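Heads up: the sequence lines are chains V and Y, in that order. Residues in the first sequence are numbered consecutively from 85, following this note's numbering. Residues in the second sequence are numbered consecutively from -6, following this note's numbering.
If you're looking for bench data, these hints aren't it; they were derived computationally from the structure. Since the structure is predicted, the reported quantities are computational estimates derived from the model, not experimental observations. Beta carbons are placed, not taken as given, at the ideal position from N, Cα and C, and that holds for glycine. Take the hints with a grain of salt, since some may be wrong.
[To be verified] What follows is a set of in silico ranges between Cβ atoms, one per label pair, in the way DEER data are often shown:
1. Y/F380 - V/D153: 53 to 63 angstroms
2. V/E211 - Y/I133: 31 to 41 angstroms
3. V/D95 - Y/I360: 33 to 43 angstroms
4. V/D95 - Y/V223: 24 to 34 angstroms
5. V/R215 - Y/Y91: 28 to 38 angstroms
6. V/S87 - Y/T303: 33 to 43 angstroms
7. Y/F380 - V/D142: 56 to 66 angstroms
8. V/P218 - Y/V126: 50 to 60 angstroms
9. V/E211 - Y/F380: 28 to 38 angstroms
10. Y/A119 - V/D153: 55 to 65 angstroms
11. Y/L361 - V/R215: 52 to 62 angstroms
12. V/D161 - Y/V1: 53 to 63 angstroms
13. Y/T189 - V/R203: 56 to 66 angstroms
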Amino acid sequence: MVSRVLVPMEDSEMSDRALEYALEVYPDAEITVLHVVGEPSQMWGHATGIALADDLEDAAEEHANAVFDRAREIVADASGDVDLETAIEFGHPARAIINRAGDYETVVIGTHSGSIANRIFVGNVAEKVFRSSPVPVVVVR
Amino acid sequence: MTEVLLIVGILVAIFVGFNIGGSTTGPAFGPAVGANVITKLMAAGLMSVFFFLGAITIGPQVVETLGGELVQDPSIFTTQSNVAVLFFIGGALFIGNYAGVPASTSMTAVGAIAALGLATGELDWAVMGEIVVWWIVAPIIGFWVAGVVGRYFYPRINAWIAIEGNDGGREMITIDSSGFVPRFRFGENATQREITGAFAVVGIGCLMAFSSGTSNIANAIAPIYGTGDVDMVPLILIGSAAVTVGCFTIARRTLDTLGNDITNLPLTAAIVVAVVASAIVISLSIIGIPASFVVVATMSIIGLGWGRATRTTTLSGVRAGEETRVSVGALTAEEEGEQSPEIGEEEPEDIPKASDLFDPSTTARVILMQNVVPAISTVGAYLTFRFIPIFGF
Chain V
85 MVSRVLVPME
95 DSEMSDRALE
105 YALEVYPDAE
115 ITVLHVVGEP
125 SQMWGHATGI
135 ALADDLEDAA
145 EEHANAVFDR
155 AREIVADASG
165 DVDLETAIEF
175 GHPARAIINR
185 AGDYETVVIG
195 THSGSIANRI
205 FVGNVAEKVF
215 RSSPVPVVVV
225 R
Chain Y
-6 MTEVLLIVGI
4 LVAIFVGFNI
14 GGSTTGPAFG
24 PAVGANVITK
34 LMAAGLMSVF
44 FFLGAITIGP
54 QVVETLGGEL
64 VQDPSIFTTQ
74 SNVAVLFFIG
84 GALFIGNYAG
94 VPASTSMTAV
104 GAIAALGLAT
114 GELDWAVMGE
124 IVVWWIVAPI
134 IGFWVAGVVG
144 RYFYPRINAW
154 IAIEGNDGGR
164 EMITIDSSGF
174 VPRFRFGENA
184 TQREITGAFA
194 VVGIGCLMAF
204 SSGTSNIANA
214 IAPIYGTGDV
224 DMVPLILIGS
234 AAVTVGCFTI
244 ARRTLDTLGN
254 DITNLPLTAA
264 IVVAVVASAI
274 VISLSIIGIP
284 ASFVVVATMS
294 IIGLGWGRAT
304 RTTTLSGVRA
314 GEETRVSVGA
324 LTAEEEGEQS
334 PEIGEEEPED
344 IPKASDLFDP
354 STTARVILMQ
364 NVVPAISTVG
374 AYLTFRFIPI
384 FGF
């Protein structure tokens, strides 16, 4: 039985679905929602914005909390009393997720995020995780 | 027939100007609009005015380079080929604006004109080489200067400027036109310092608009100037008018996409980047080099953050009141039985840290992707001139 599941999330519909799927299929597992802050953006404003903050940790949490709040809402909607752990990483989403995946038994991830620009500058994260993750990956569409 | 084609050429030039207005308003006024200092409408107005000032003063230098020196024989700028060159510049920029992918308009334009020169064997490689060298050197200068600022001076500058964006409510600077003479109106409860800060953010937007005008007017009008049919000043007026139309229309979209990314920067950082990037672009325009504004600005942003993130905190740094490196995973990173390293000598490779935000291959990808739009225009123009035999070359 799978007991430790990693669900990387960002502000997108696909990652919402990934979490919903994880809750449905692994109802007894401990689920960790991971959000990666400071991802590549068109003019690198995102990462530099965080690097320049007075308190790195605060800045990262501020960005991540919106995603975590949404995740908690989804858990509440699924009316599960699942333990939701949260984690924050810095940098490129794919690399950060792969680095962490080893601590879990399964990764559940959405297929892609929204905009064209995002796909051009970040690339397809799910595909990279799927290729290099040390543990099984479930890609939700 | 040629008259009709000249008019078509001017129409396509207007399309290019329209897209230039779109693509440069985002980076220039993104910070001011994002911090709710001015409205999008006011940003569009200021952008138009300062773009024109840059275009009419220093702009002709770059027009001469693109319309006269980049190709050995300006007679290849026939009215037919101009329509095609400008079509590729405008089309590629439009794709970039629409998809939210920032692109250097100068690279896009030089690419299309160089493609025409290459296909006809008239490209002046010496001029092209000089331009390309500056495209490599200028972003490196931007990165380095901003990196030094980020590493050594940023906290001091930040304390000195100290402006916060204002969330919600009315914009900080609006124009009160109810009276006989329009005058500025400031946000409620705005202190003198906040008003100064607000003006600084708007001011750097105007500076960037001016520098964009010096460099970018050539991209819309240089091929037509190359024909010798129309004089410089009327062309600059037409080009600037087209840019104005772009500022008031498609710029609304780019302010949301590109502007939004820059809004992630603290206002102090936006000011530092604008000053560094504008200084480089204006300097290059004065010597007639079309500068890659977006790439210079992006490398300055990367440099600023990287400089700040890679400071290593040592004991002396702590004593001087610098904050120590904070990291999200710091509490879990130490394994049992490990000897704790000396303060300041720790190699924190297994904990997330600010320098993780500046992975070289990831930053390289972003810079590479900024070249997609110029590549589309260059390759498209080259294939057209090389293989479609309607231009008489």
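Verification of the supplied hints:
no.: 1; hint: Y/F380 - V/D153: 53 to 63 angstroms; in the structure: 56 angstroms, holds
no.: 2; hint: V/E211 - Y/I133: 31 to 41 angstroms; in the structure: 32 angstroms, holds
no.: 3; hint: V/D95 - Y/I360: 33 to 43 angstroms; in the structure: 25 angstroms, violated
no.: 4; hint: V/D95 - Y/V223: 24 to 34 angstroms; in the structure: 49 angstroms, violated
no.: 5; hint: V/R215 - Y/Y91: 28 to 38 angstroms; in the structure: 31 angstroms, holds
no.: 6; hint: V/S87 - Y/T303: 33 to 43 angstroms; in the structure: 39 angstroms, holds
no.: 7; hint: Y/F380 - V/D142: 56 to 66 angstroms; in the structure: 58 angstroms, holds
no.: 8; hint: V/P218 - Y/V126: 50 to 60 angstroms; in the structure: 45 angstroms, violated
no.: 9; hint: V/E211 - Y/F380: 28 to 38 angstroms; in the structure: 35 angstroms, holds
no.: 10; hint: Y/A119 - V/D153: 55 to 65 angstroms; in the structure: 59 angstroms, holds
no.: 11; hint: Y/L361 - V/R215: 52 to 62 angstroms; in the structure: 21 angstroms, violated
no.: 12; hint: V/D161 - Y/V1: 53 to 63 angstroms; in the structure: 58 angstroms, holds
no.: 13; hint: Y/T189 - V/R203: 56 to 66 angstroms; in the structure: 41 angstroms, violated
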